[in-house]
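Undergrad: Those protein sequences? They're chains A and B, same order as listed. At position 10 of the first sequence the residue is numbered 10 (the numbering used here), and the sequence of numbers has no breaks. At position 60 of the second sequence the residue is numbered 60 (the numbering used here), and the sequence of numbers has no breaks.
Quick caveat, the hints were computed from the structure, so don't treat them as lab data. No experiment lies behind these values; they were computed from the predicted model shown. We treat Cβ as the ideally placed atom computed from N, Cα and C, and that holds for glycine. Treat the hints with care, as some may be off.
Covered stretches of chain B, as calculated for chain A (at least 3 residues, CB under 8 Å) [to be verified]:
id: 1; region: 95-103
id: 2; region: 119-128
id: 3; region: 133-143
id: 4; region: 203-209
Sample of chain A residues at the chain B side, in silico, Cβ under 8 Å [stated by the list, open to error]:
id: 5; residue: E194
id: 6; residue: R200
id: 7; residue: L203
id: 8; residue: Y274
id: 9; residue: E316
id: 10; residue: E320
id: 11; residue: L323
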Amino acid sequence: MNRLLIKHARVVDPSQRLDDGLDVLVVDGKVERIAERIQDKGAEVLDAAGLIAAPGFIDVHVHLREPGYEYKETVASGTAAALAGGFTALCCMANTNPVNDNAAVTEFVRARAEEAGNARVYPIGAVSKGLAGEELAELGEMVRAGAVGFSDDGRPVHNAHLMRKALEYARMFDVPIVEHAEDLDLVSKGVMHEGAVSTRLGLKGITAAAEDVVVARDLILADSFSARLHVAHVSTRGSIHRIRVAKGRGVPVTCEVTPHHLALTDEAVAATEYDTNTKMNPPLRSADHVEALIEAVLDGTVDCLASDHAPHHADEKALEFDLAPFGIVGLETAIPVTWDVLVRKHKMPVSRFVQLWTTNPARVYRLPGGTLKPGSPADITLLDPEARATVSPERFRSASRNTPFGGMRLRGWPAATIVGGEVRYRRERR
Amino acid sequence: MSIKPAERLRLKDLVGIEPLTPEEIQLILDTADRMREVAERPIKKVPALRGKTVVNLFMEASTRTRFSFEVAEKRLSADSLNFSASASSVEKGETLLDTALNLEAMQPDFLVIRHKHAGAPHRLARVLRASVINAGDGAHEHPTQALLDALTIRLRRGTLEGQVVVIVGDIEHSRVARSDILLLSRMGARVRVAGPPSLIPCGIEALGCEVHHRMEEAVAGADVVMMLRIQLERQGRMNFPTVREYFDFFALTPERLKLARKDCLVMHPGPINRGVEIDSRVADGPQSVILEQVTNGVAVRMAVLYLLAGGHGEPIAD
Numbered sequence: 001m002n003r004l005l006i007k008h009a010r011v012v013d014p015s016q017r018l019d020d021g022l023d024v025l026v027v028d029g030k031v032e033r034i035a036e037r038i039q040d041k042g043a044e045v046l047d048a049a050g051l052i053a054a055p056g057f058i059d060v061h062v063h064l065r066e067p068g069y070e071y072k073e074t075v076a077s078g079t080a081a082a083l084a085g086g087f088t089a090l091c092c093m094a095n096t097n098p099v100n101d102n103a104a105v106t107e108f109v110r111a112r113a114e115e116a117g118n119a120r121v122y123p124i125g126a127v128s129k130g131l132a133g134e135e136l137a138e139l140g141e142m143v144r145a146g147a148v149g150f151s152d153d154g155r156p157v158h159n160a161h162l163m164r165k166a167l168e169y170a171r172m173f174d175v176p177i178v179e180h181a182e183d184l185d186l187v188s189k190g191v192m193h194e195g196a197v198s199t200r201l202g203l204k205g206i207t208a209a210a211e212d213v214v215v216a217r218d219l220i221l222a223d224s225f226s227a228r229l230h231v232a233h234v235s236t237r238g239s240i241h242r243i244r245v246a247k248g249r250g251v252p253v254t255c256e257v258t259p260h261h262l263a264l265t266d267e268a269v270a271a272t273e274y275d276t277n278t279k280m281n282p283p284l285r286s287a288d289h290v291e292a293l294i295e296a297v298l299d300g301t302v303d304c305l306a307s308d309h310a311p312h313h314a315d316e317k318a319l320e321f322d323l324a325p326f327g328i329v330g331l332e333t334a335i336p337v338t339w340d341v342l343v344r345k346h347k348m349p350v351s352r353f354v355q356l357w358t359t360n361p362a363r364v365y366r367l368p369g370g371t372l373k374p375g376s377p378a379d380i381t382l383l384d385p386e387a388r389a390t391v392s393p394e395r396f397r398s399a400s401r402n403t404p405f406g407g408m409r410l411r412g413w414p415a416a417t418i419v420g421g422e423v424r425y426r427r428e429r430r
Numbered sequence: 001m002s003i004k005p006a007e008r009l010r011l012k013d014l015v016g017i018e019p020l021t022p023e024e025i026q027l028i029l030d031t032a033d034r035m036r037e038v039a040e041r042p043i044k045k046v047p048a049l050r051g052k053t054v055v056n057l058f059m060e061a062s063t064r065t066r067f068s069f070e071v072a073e074k075r076l077s078a079d080s081l082n083f084s085a086s087a088s089s090v091e092k093g094e095t096l097l098d099t100a101l102n103l104e105a106m107q108p109d110f111l112v113i114r115h116k117h118a119g120a121p122h123r124l125a126r127v128l129r130a131s132v133i134n135a136g137d138g139a140h141e142h143p144t145q146a147l148l149d150a151l152t153i154r155l156r157r158g159t160l161e162g163q164v165v166v167i168v169g170d171i172e173h174s175r176v177a178r179s180d181i182l183l184l185s186r187m188g189a190r191v192r193v194a195g196p197p198s199l200i201p202c203g204i205e206a207l208g209c210e211v212h213h214r215m216e217e218a219v220a221g222a223d224v225v226m227m228l229r230i231q232l233e234r235q236g237r238m239n240f241p242t243v244r245e246y247f248d249f250f251a252l253t254p255e256r257l258k259l260a261r262k263d264c265l266v267m268h269p270g271p272i273n274r275g276v277e278i279d280s281r282v283a284d285g286p287q288s289v290i291l292e293q294v295t296n297g298v299a300v301r302m303a304v305l306y307l308l309a310g311g312h313g314e315p316i317a318d
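Please build the complete structure, drawing on both the sequences and the hints.
TA: Shown next as structure tokens:
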């Protein structure tokens with residue numbers, strides 16, 4: 001029998017209302033027992049003094065790029081990046097080539113993840129065939145193959161009737177439809193947030209209203225048809241306000257916010273003189289929107305944090321700002337960036353932080369993790385709240401380096417990542 | 001407020017008006033003023049940039065700006081190379097960065113770039129040893145145009161300070177408007193922009209201007225009215241309805257010009273659309289300085305090249 005004993009940790013598990021100095025005993029990949037001063041002769045001991053032990057963090061919004069774009073990322077490199085970032089599991093989006101709009105691709109991605117043996121992978125299937133926004137994909141077959149939700153992420157579900165049918169149909173499987181909320185007509189050819197900064201830089205803007213109108217529409221649909229809606233990467237004051245009101249009225253909606261939308265504003269585009277690593281979709285917003293998002297994370301309107309890890313090759317990002325693709329990598333910076341903004345700057349309780357990164361993600365997608373209750377899989381993230389380090393993209397496990405956080409000094413890094421009782425990542429002390 | 005000119009330019013490049021101090025702007029305008037004299041000579045040439053190589057990299061259509069730079073380069077005795085998008089490897093799929101690095105390998109001293117994407121000159125300025133001069137990047141900046149506009153106003157008025165300058169038209173898509181607003185407001189002029197709200201970008205006030213949507217209000221009491229070209233291809237694309245309606249509400253007609261000061265200057269960065277944004281009677285009238293702008297453009301570009309090459313003081317002792 002395989003036994004691992006984590007000693008002297010501050011165990012934070014909101015699912016059991018735990019936040020105490022405790023030991024965790026893992027036997028055969030499952031949590032056996034959490035108690036004070038556990039003695040166990042046969043167990044390998046991991047001294048976690050000064051560290052936080054939490055249910056394994058789950059990143060519900062990742063682009064693994066495989067199949068089709070292996071030059072940007074593979075399932076193996078993406079899940080290795082997840083481990084190094086402190087994540088034991090992730091959900092991956094369907095905009096691969098071929099698109100994950102059928103059970104064969106869903107199975108392929110899961111098999112690749114199995115082979116890699118890094119973090120767990122839960123695929124999110126496409127809502128529409130080929131992401132074309134016309135016909136429903138075979139959602140049921142994909143659920144059987146392991147899909148945990150559906151999204152045309154990268155694009156919105158433009159047709160309201162299709163969105164309605166997707167929401168209704170998905171009710172059968174109790175999975176959420178995940179919206180990338182963006183009205184493409186309003187976005188037009190925008191490349192950054194529309195505001196004083198885009199005007200100054202002469203770049204075409206993306207109005208916040210482009211997100212707001214789709215969120216408003218989807219909230220009406222979720223309400224009218226009592227179906228589960230999850231809004232991906234919320235970035236505007238208007239949409240988070242509407243989600244808060246809808247939640248108050250009992251609409252079955254959940255949402256996520258990314259680290260970069262909490263930590264950066266559109267001024268970053270100007271400050272870096274058009275660095276394409278500040279180009280992503282939704283775009284970095286102005287300070288007023290960022291303030292509203294932080295408020296919503298603090299007051300519980302936001303359910304999950306999620307990186308929207310979107311790897312792109314350096315050659316693609318070396319183009320002019322207008323031409324470079326949208327997206328940045330996030331798996332390996334998500335935890336320190338959010339720890340810095342939320343826990344250090346805004347004094348968020350650690351248990352709330354843990355909730356946003358694991359308890360709630362597991363609840364939204366009905367995943368097996370998110371808890372350290374005895375008998376559950378021993379997926380554990382160890383966090384060192386005092387560890388300080390500079391973000392060094394050249395050391396990323398991800399196959400891509402497109403981050404705006406390079407060179408930033410941050411505190412609060414993952415110390416180890418344990419999946420199924422196995423220590424799969426341990427941070428070297430530098 | 002009288003602004004003392006700087007002794008020299010601190011910067012390697014001229015990517016926009018934004019990074020310039022009022023003192024540096026003053027230096028460029030003073031130097032340009034002296035450069036004008038070269039054109040009056042029987043032999044319109046000085047040796048100031050002899051042995052220097054200038055690459056004119058025009059990746060978007062341009063006639064007057066490209067010619068203006070070429071004339072400026074020739075009058076300073078520089079060697080010019082012209083590179084236009086249609087004749088280049090760009091059509092073969094080479095990236096801007098690779099194109100620029102290949103040009104750099106030929107060791108030019110200057111790269112003058114016109115590009116349809118905002119920020120392209122900034123990107124090149126960071127990686128190239130050559131001085132990069134922005135000849136217009138997307139809807140961002142067109143610094144030499146703003147400098148020649150300022151020189152034209154200064155020559156006619158003696159100063160920029162306190163001048164009420166109205167810029168009318170498609171502000172959203174105009175790099176000229178952005179550079180003009182930045183420069184003129186920095187030098188103490190009062191800038192108004194006017195156009196339909198659908199062509200005024202949000203937050204433009206932050207660059208240093210007032211916004212008007214009624215032409216008559218905007219022009220009232222103005223010292224300078226600068227009309228921007230309405231790009232006919234934008235008609236019917238939801239930005240504004242028709243040229244006919246645009247003319248009705250925003251064209252500069254003799255009647256509207258009467259609302260400005262009596263000696264109000266009429267300017268236009270060209271090319272003009274007669275009967276679209278400007279009535280021919282105004283474009284060709286006594287208050288128009290549109291062709292003076294073109295003449296001054298050469299002097300301004302000579303000054304910029306000369307100063308970026310490290311020149312200062314009396315430029316044209318030969």
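Undergrad: Hold the hint about A/L323 up to the distance rule: shortest CB distance to chain B must be less than 8 Å.
TA: Where the cut-off is 8 Å and the nearest Cβ of chain B is about 7 Å from A/L323, the hint holds.
Undergrad: Hold the hint about A/Y274 up to the distance rule: shortest CB distance to chain B must be less than 8 Å.
TA: holds, 3 Å
Undergrad: Report holds or violated for the interface hint on A/E320, using the least CB-CB distance to chain B and a cut-off of 8 Å.
TA: Holds, because the Cβ-Cβ distance from A/E320 to chain B comes to roughly 4 Å (cut-off 8 Å).
Undergrad: Count the residues of the region 133-143 of chain B whose CB lies closer than 8 Å to any CB of chain A, then report whether that count reaches three.
TA: holds (count 5)
Undergrad: In terms of beta carbon proximity below 8 Å, does the region 95-103 of chain B have 3 or more residues touching chain A?
TA: This one holds; 3 residues, not fewer than the three required, reach chain A with a Cβ under 8 Å.
Undergrad: For the region 119-128 of chain B, count the residues whose Cβ lies under 8 Å from any Cβ of chain A; is that count three or more?
TA: Holds: 5 residues of the region 119-128 of chain B have a Cβ under 8 Å from chain A.
Undergrad: With 8 Å as the cut and Cβ atoms as the points, is A/E194 at the interface with chain B?
TA: holds, 6 Å
Undergrad: Quick one, is the A/E316 hint okay against chain B at 8 Å, beta carbons?
TA: A/E316 check fails; min Cβ-Cβ to chain B is 10 Å, beyond 8 Å.
Undergrad: Are there at least three residues in the region 203-209 of chain B whose beta carbon sits under 8 Å from a beta carbon of chain A?
TA: That given contact holds, which follows from 4 residues of the region 203-209 of chain B lying within Cβ reach (below 8 Å) of chain A.
Undergrad: Given A/R200 as an interface hint, is its Cβ closer than 8 Å to any Cβ of chain B?
TA: holds, 6 Å
Undergrad: Could you check if A/L203 really has its C-beta closer than 8 Å to a C-beta on chain B?
TA: Interface hint status for A/L203: holds (5 Å vs cutoff 8 Å).
Of the numbered hints stated above, the single one contradicted by the structure is hint 9.
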